[in-house]
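Enquirer: Residue numbers (our numbering), protein chains in the order written: chain G, 1 to 372; chain R, 1 to 375.
Among the clues, some could well be false.
[Stated by the list, open to error] If you want a taste of the chain G side facing chain R, the calculated C-beta under 7 Å gives, among others:
1) Asp101
2) Trp252
3) Phe325
To be clear, the hints were calculated from the coordinates, so they are not data collected in a lab.
Beta carbons are placed, not taken as given, at the ideal position from N, Cα and C, and that holds for glycine.
Spelled out, the chains give:
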Amino acid sequence: MTRDPFSRREQQRAAERKSFFDSLCNVSRRVFLQRAGQAAGIAMAASAFPPHSFQLVEFVTGGSPEAEPQVAFRFAYISDSHLFAKGMTHRFAKAALKAVDDINALDPQPDFVLYGGDLAQLGQREELQLGKQILSGVKAPLKMMVGEHDWFFDMGETWQDFFGKPTYSFDHKGTHFITLMSVNEKDFWTERKMTPMQRMQTVAGLDNGTQSRFEVGDAQRQWLAEDLKKVPKTTPVVVFSHSPLYKYYRNWNFWTDDAEQVQRLLFPYNSVTVIHGHTHQVLTNRIQNISFHGMLATAWPWPYAPEGLPKLTVQMDRVDPFDQFDGCGDGTLGCRKDGQLNMNYNLWSRNPMKVTYEEVASGKPAAPGPSY
Amino acid sequence: MSRPSGAISKLSAVLLVGAFSLLMGLLPLLSQSPIEYSLPLPSGVLPPIIPDDNPLTAEKVRLGQKLYFDARLSVDDKVSCATCHDPAKGFADGEVIAEGVGGKKGTRNSPTALDSAFNDLQFWDGRAPTLEEQAKGPLTNPVEMAMASNDAVVAKLQKIPEYPLLFQKAFGSDKITIDDVARAIASFERTLISFSSPFDRFISGDTSAISESAQRGWVLFNGKGRCNDCHGYVASLPTFTDNKFHNIGVAMHAGDFAELARKAAQSPESLSDLAHSPGFSELGRFLATKEPKDIGAYKTPGLRNIALTAPYMHDGSQRTLEDVIEFYNKGGENNPYLDGGIRPLNLTAEEKADLVEFLKTLTSDDLARFPKSGD
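Just chain G, with the same shape it has in the complex (with noise of 0.2 Å):
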């Protein structure tokens, strides 16, 4: 058998595998065999099929509640659908349902479902029409969250008739929660006499030195200070906002340009996680206390920025160009008794990715599992 430079794929292969197992979910030995055998036992009796073709090789359990005890409650998310309105064949659309689906088929049923901003993907009456019946279909209660590409068009007149006030606040079994307007941009189009479809294209580009940096704005974080006010410590607090609230690359506009103001705001709190969409993609970071989550979006995945990746983040594999759904899904967090949050990602061509508190409080990324 030849050795040198071959083994090197055999020693990657062994390694992958070795590292899929490591990092599988703490069910003990005994309660997996268990299941197994129980499986096999009734699948035995009931002849449906030879039991010993089928033997569970190992399983990987993506939130369930028995492999994470510590938690209270559970919320899910669907984001970024960037809708056009081509009807429910399109394939934006047919990504948006399948993500109802699959929050519909959670057992149990999340508490409530945030929806991450970007329903529509040029702000249009008709596309904002098409995602509030797309998303009628979700059972559990729903918390909507704007995107840029749902507000510059007509600056939020149809979203707020549709979803009501972009800003709010609310408080659910113990924990405090925000959900931001922070997608707001210093005027760039009044003085380039811009219609407004021309302000909503270039908002919707990437690389565009045209349009401001997104912001929360001095009128958002002095309500967001009022807010706080009647607020604990103690009392955990998760904040909703499109943008990071931190910055990562400044070129995609995958920043907040008064993110360190709304931290400061955020920082004397015990606990404190930021859930967030517009970047498409697995992505994980902490400032001092503040732990941030970014959400899947359904439509499309991005690349990984050149620079300005949070060091934690333990990015998801490079799609498959093909696939419409890589890269791409929706997933759940697991309110912990501590008030701190565990993430879950639902990536749909891919095994599921989960970013626990702990992983974000060492400080160090976790170990990456072969992703499918």
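We have chain G already, so just place chain R on it with the hints.
Expert: Relative to the frame of chain G, chain R by itself:
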């Protein structure tokens, strides 16, 4: 990017066979140390992964060949590996669903043993990581070879006069174990490689090696047909499979698959509840990994010699290559876990025919060199 500099020419194939026969003839005269067996691969093709505990030797291949064709490995002495993986039928069996002892049927179409050494995982659901593991499966499967247990297999072989000596030569002990049985069969199967097709000559530079229609088919394969997404040609591993698992909707044949899929996705722990549901086996790769993305997903098979191994798909539900192209052309069968790469293709009749012509060029012309019996 380097390309294989040439498929095995007929002359070198003859020389190889001649050399091998000479070697086999000399065997009794040589010392007891095993003869390393080198797989004849085209240049640039990576050798298949061989487990460290089973280096390939001529003695193991010889023993494996004997076992492969030996129907005494089944409970009624009628079914051997070669029954379902028959050299005369492209090392498959031409059946929709494989038939084992007593004509019993399981749920799977027999895949070809040809080039199976290059699969990362074995079985349609990938539950066996090696050929060794796969070989053990059918032996005790009640609808395949139906032996009572691995011990029963071993006991039966131990009593057959010629085997203990062959095991001694191959493994250094005449006490037979099931793992050595599997190692021998796997070693024989590793020699079933086939890289001498018209396509191989074409890709090496001979533009006359395949017809115009097939050449158009090759362009479509990598273009409008989108076949290369999962069946992509890679020069260093030219078996036309990505070794991954995809749901293309074949499982939709099994009654209410979508409902079964939803139940399975809700909680993997409900597997034992589902076990007696009709169509359970259609969950495919999910049964090995319990990942919802694997529901109804099956291993991408290789395409070498595909013209010889009809019918197609994990359940043999597509009778001909034309049927397969039609299936993909319409976008597979929609279901909640349909792979994101599947979509209607809008191929014309000529394009469909060109793709079929291309697929036919993947038949290796050196398959006659393989043994047809255990001798």
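Enquirer: For each hint, tell me whether it holds in the structure or not.
Expert: We went through each hint and held it up to the structure:
no. : hint   : result
1   : Asp101 : 6 Å, holds
2   : Trp252 : 24 Å, violated
3   : Phe325 : 3 Å, holds
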